[in-house]
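Novice: Chain B: place on chain A using the hints.
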Amino acid sequence: MSFSDDVFIVGIGQTPLGELWDLGLRDLGLQALLTAVEDAQGLVPQALYVANMLGASASRQANLGALICDQVGLAGQAEALTVEAAEASGGVALQLAANAIRAGSADVVAVLGVEKVADIVSSELDAFVAQSLDADFESEIGMNANSQAALLLQRYLHENAFPREALAGFPMIAHANAVANPHAMFRRAISAEAYNKAALVEPPLNFYDVAPLADGATALILTRGSCLPSTLRAQAVRLAGSAVANSRLALHDRLDPLFFDAAALSSQRALERAGLSLEDLDFFEYSDITTLHALLSLEAIGAAPRGQSWKLASDGSLALDGSLPVATMGGNKARGFALGASGVFQALEATLQLRGKAGANQIPNARVGMVQSLAGNASLAATHVLTKPVWN
Amino acid sequence: MTDTHNHDHNPIHKPLKPVGITGYGAYVPRYRLPAKEVARIWSGGEGSLPIIEKAVAGLDEDVVTMSIEAARNALKRAEIDASQLRAVWVGSESHPYAVKPSGTIVAEAIGAPRSIQAGDWEFACKAGTEAMVAAMALVGSGMGEYGLAIGMDTAQGKPGDALEYTAASGGAAYIIGPAETALAEIVASYSYVSDTPDFWRRAHAFYPEHGQRFTGEPAYFAHITAATERILAESGYQAKDFNWAVFHQPNTKFPQRVAKSLGFTPEQIAPGLLVPHIGNTYSGSALIGLSAILDIAQPGERVLMTSYGSGAGSDSFIIEVREPILQRRHNALSTQDYIARRTEIDYATYVRFRGEIVIE
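The listed protein sequences correspond, in order, to chains A and B.
In terms of our numbering, the first sequence has 124 at position 124, counting the first letter as 1, and numbering is strictly consecutive.
In terms of our numbering, the second sequence has 46 at position 46, counting the first letter as 1, and numbering is strictly consecutive.
Bound conformation, chain A alone (with noise of 0.2 Å):
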């Protein structure tokens, strides 16, 4: 096939997640940015889009777009401006962007997912961060995306009545995973014992249910198959299908709050746009902000019955060498949960695994690949499904 008018992510470049007090979003941003260039031999980006959610807030600086063109060389060359839809903000991003080429506004596009949480302290932090949900009703009255998570997750166990110790797997495999990424922020695996005794932070959730909020920037190049240079053909990754799905805001005003309707609608139609579907996935890149999110979210594409998908998370499912591994370099939980960079993190884990490059998180044969973020209690779903392309 010649792919000419397909759209494919050429180049990419990351940096550690953690909390890096010596980088700013400006730092951050340049570095990931000018890796990805590096990656993309030299691409020169016509336009930039910025994923973020806390800009404004936790670092008081809004215009990423021009902060970000100004700091590697781009002003004047590059149109570019911020993308903001909570911690989906990446993966809406990667969306826009493509659809820039698609347009034929642009041949070369840059995704930059930036986010810098740790200069502020935790109680300003969670104040931000409840800003994905509604704010007359859930955020103005203590809730925040982790509280609401946790009474879901009540409710969840008390519909489907199932040992509260059999969620162990989730972080234990993000854990797993996280060991061979070098700039994953906790690199060390974890016990099921050392997830029974952990403390709780909103009940049932214990701390290592919750993805710890991580500094970190990621960029991506894309451009049009007809752009494409041969010298990159070998590691394209094609971007076949991307949705953005929306739910009501507002958890109290969803019928069926256990089922993530925006993740189910944004995975169809992704599917669906690629031409493929749920059995041609060789992995799953979700969206771990909570076992929560982990559980709904497989049920919301069709990888589990409703109420039965805390049973993947024992049974071998989710690993590596599994029928759908999930959160191949650490996800959320493990690699370190950088906001509304997650999803562009997640488009990067993904490209790594379709070029072969994903070293001894490597699964045999990847060829087809679906990563997805979602905004609080997935009010928001973006969803792409990236492929490696066969070339004539």
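The set of hints was computed from the structure by calculation and includes no laboratory data.
Computed from a prediction, not measured in an experiment: that's the story for all the values here.
A portion of the hints provided could be inaccurate.
Dumping the calculated SDA-like pairs for lysine to any residue here, alpha-carbon to alpha-carbon at most 25 Å [stated by the list, open to error]: (1) K158(B) - A127(A); (2) K253(B) - D119(A); (3) K253(B) - I120(A); (4) K253(B) - G18(A); (5) K197(A) - R40(B); (6) K158(B) - S122(A); (7) K197(A) - W42(B); (8) K36(B) - F207(A); (9) K388(A) - D39(A); (10) K260(B) - R187(A); (11) K253(B) - A189(A); (12) K197(A) - S43(B); (13) K36(B) - E202(A); (14) K158(B) - L125(A); (15) K240(B) - I296(B); (16) K253(B) - S122(A); (17) K158(B) - I120(A); (18) K158(B) - G58(B); (19) K158(B) - G45(B); (20) K240(B) - P266(B); (21) K253(B) - P212(A); (22) K260(B) - L49(B); (23) K36(B) - V201(A); (24) K253(B) - V201(A); (25) K36(B) - A189(A); (26) K260(B) - G18(A); (27) K14(B) - E323(B); (28) K253(B) - A199(A); (29) K158(B) - K388(A); (30) K158(B) - E202(A); (31) K17(B) - A137(B); (32) K158(B) - D119(A); (33) K158(B) - D126(A); (34) K36(B) - S122(A); (35) K158(B) - V121(A); (36) K36(B) - A198(A); (37) K197(A) - G44(B); (38) K253(B) - R188(A); (39) K253(B) - F207(A).
Specialist: Chain B in isolation, oriented as in the chain A frame:
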């Protein structure tokens, strides 16, 4: 931390005239608040505790009264008259007055003459060692025979904050004088500072604020490590060349971890590690650890002390113990004598003692 200001022309301090510790004295108030009592009130008794208990000043105690106690102990060990002092400096972050020196009250109470330097130092938890370096300079330059440097605090911790478990009262006083008659010679010191906003208290604020985990790696560990590594490198010593070491002790883990990473053994820091039993005495923290070491050290032994103050900086000292210590250290109560003098209080008594109950 990226260090772009590590000027090589700024080596360790060695005064023109050799100086030392002529006398020293500790003071710890008798009241103890167990950390589990704080946990009982604020976390339902759950969670790990940073220390066992902390020392709390009584209703009639403050930085001035406690400094006077410690200074009198130091004078006893120095076997000099207060009239021989040329400076009385008090380092603290809990001076009773925002404007009006603690130093003059202490000086007058202990009988120091009027023609002296007196004043207060503030550098979070290293105000006491900063005063000590200044006293070294005063004596080492020949401007005065003896200088008194005190690190003393009645540290504040906001009710419910992590600091409430550890913010404690106590400290130590040091009379710096000529090395010839000293209990221990201060061979060298080295200081390392940067603008690192890890912990602060604004004017008119009751309680300090802090940057949570930012107080760790880029703050406490970066500065203590930089100061200690540099003084070791410049002096040609290694960790194993010291009999004892003491580091600023805001909780139990930090000094243990930094000691290990710098190559010191648990045995080297054991006698000076007082934080589990008295808490973090802030400006007094490293200095009272040193006083506990001097209480047991033998002539010829070598001691390393590195303080840490938020905001941020560390003073590192190499100290060698001299013969007169064997006689003169018995002139006053030892640090452990003060620690053993213990009256446990509950949280309600604690908040009354600390003035946390607002009565209009």
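Novice: Each hint should be assessed against the structure and marked as holding or not.
Specialist: So, going through the hints one by one against the coordinates:
For a cut-off of 25 Å, the pair hint linking K158(B) to A127(A) stands: about 21 Å separates their Cα positions. Under the criterion of a C-alpha separation no larger than 25 Å, the hint pairing K253(B) with D119(A) is consistent with the structure, at around 24 Å. Taking the CA atoms of K253(B) and I120(A), the gap is about 24 Å. The hint holds against a cut of 25 Å. Pair hint K253(B) plus G18(A) holds up; C-alpha atoms about 22 Å apart against a cutoff of 25 Å.
This hinted pair checks out: K197(A) and R40(B) have alpha carbons roughly 21 Å apart, not beyond 25 Å. Simply put, K158(B) and S122(A) have alpha-carbon atoms about 16 Å apart, close enough for the 25 Å limit, and the pair holds. Taking the CA atoms of K197(A) and W42(B), the gap is about 21 Å. The hint holds against a cut of 25 Å. Taking the CA atoms of K36(B) and F207(A), the gap is about 22 Å. The hint holds against a cut of 25 Å.
As the CA atoms of K388(A) and D39(A) are separated by approximately 17 Å, the hinted pair is consistent with the 25 Å bound. Restraint check for K260(B) and R187(A): the C-alpha separation of about 22 Å stays at or below 25 Å, so the hint holds. Under the criterion of a C-alpha separation no larger than 25 Å, the hint pairing K253(B) with A189(A) is consistent with the structure, at around 23 Å. At most 25 Å may separate the alpha-carbon atoms for a hinted pair to count; K197(A) and S43(B) meet this at roughly 17 Å.
Distance check on the hinted pair: K36(B) and E202(A) sit about 22 Å apart at the alpha-carbon level, within 25 Å; holds. Pair hint K158(B) plus L125(A) holds up; C-alpha atoms about 20 Å apart against a cutoff of 25 Å. As the CA atoms of K240(B) and I296(B) are separated by approximately 19 Å, the hinted pair is consistent with the 25 Å bound. Annotation: proposed proximity of K253(B) to S122(A) holds, straight-line Cα distance about 22 Å (limit 25 Å).
Under the criterion of a C-alpha separation no larger than 25 Å, the hint pairing K158(B) with I120(A) is consistent with the structure, at around 18 Å. A C-alpha spacing of about 18 Å is found between K158(B) and G58(B), which places the hinted pair at or below 25 Å, so the restraint holds. At roughly 18 Å between alpha-carbon atoms, K158(B) and G45(B) fall within 25 Å of each other, so this suggested pair holds. Distance hint between K240(B) and P266(B) is fulfilled; the C-alpha atoms sit about 12 Å from each other, no more than 25 Å.
As the CA atoms of K253(B) and P212(A) are separated by approximately 23 Å, the hinted pair is consistent with the 25 Å bound. Distance hint between K260(B) and L49(B) is fulfilled; the C-alpha atoms sit about 21 Å from each other, no more than 25 Å. Our distance criterion of 25 Å between C-alpha atoms is met by K36(B) and V201(A), whose separation comes to about 20 Å. The hinted pair formed by K253(B) and V201(A) meets the criterion: a straight-line CA distance of about 23 Å does not exceed 25 Å.
Pair hint K36(B) plus A189(A) does not hold up; C-alpha atoms about 32 Å apart against a cutoff of 25 Å. Among the hinted pairs, K260(B) with G18(A) is consistent with the structure: their alpha-carbon atoms are about 24 Å apart, no more than 25 Å. Simply put, K14(B) and E323(B) have alpha-carbon atoms about 21 Å apart, close enough for the 25 Å limit, and the pair holds. Using a Cα cut-off of 25 Å, the hinted pair K253(B) and A199(A) holds, with the two alpha carbons roughly 20 Å apart.
For the given pair, K158(B) sits about 57 Å from K388(A) by alpha-carbon distance, which is inconsistent with the 25 Å threshold. Distance restraint check for K158(B) and E202(A): the Cα-Cα separation of roughly 24 Å lies within the 25 Å cut-off, and the hinted pair is therefore satisfied. Distance restraint check for K17(B) and A137(B): the Cα-Cα separation of roughly 9 Å lies within the 25 Å cut-off, and the hinted pair is therefore satisfied. For the hint linking K158(B) to D119(A), the alpha-carbon distance of about 21 Å falls within 25 Å, and the restraint holds.
A C-alpha spacing of about 20 Å is found between K158(B) and D126(A), which places the hinted pair at or below 25 Å, so the restraint holds. Proximity of K36(B) to S122(A) is assessed by CA-CA distance (about 24 Å); at most 25 Å being required, the pair is judged to hold. About 15 Å separates the Cα atoms of K158(B) and V121(A), which keeps this hinted pair within 25 Å; it holds. Between K36(B) and A198(A), the direct Cα distance comes to roughly 20 Å. Compliance with the 25 Å bound is thereby established for this hinted pair.
As the CA atoms of K197(A) and G44(B) are separated by approximately 17 Å, the hinted pair is consistent with the 25 Å bound. Our distance criterion of 25 Å between C-alpha atoms is met by K253(B) and R188(A), whose separation comes to about 21 Å. With a C-alpha separation of about 21 Å, the suggested pair K253(B) and F207(A) falls inside the 25 Å cut-off, and the hint holds.
The structure is inconsistent with the numbered hints 25, 29, although it conforms to all the rest.
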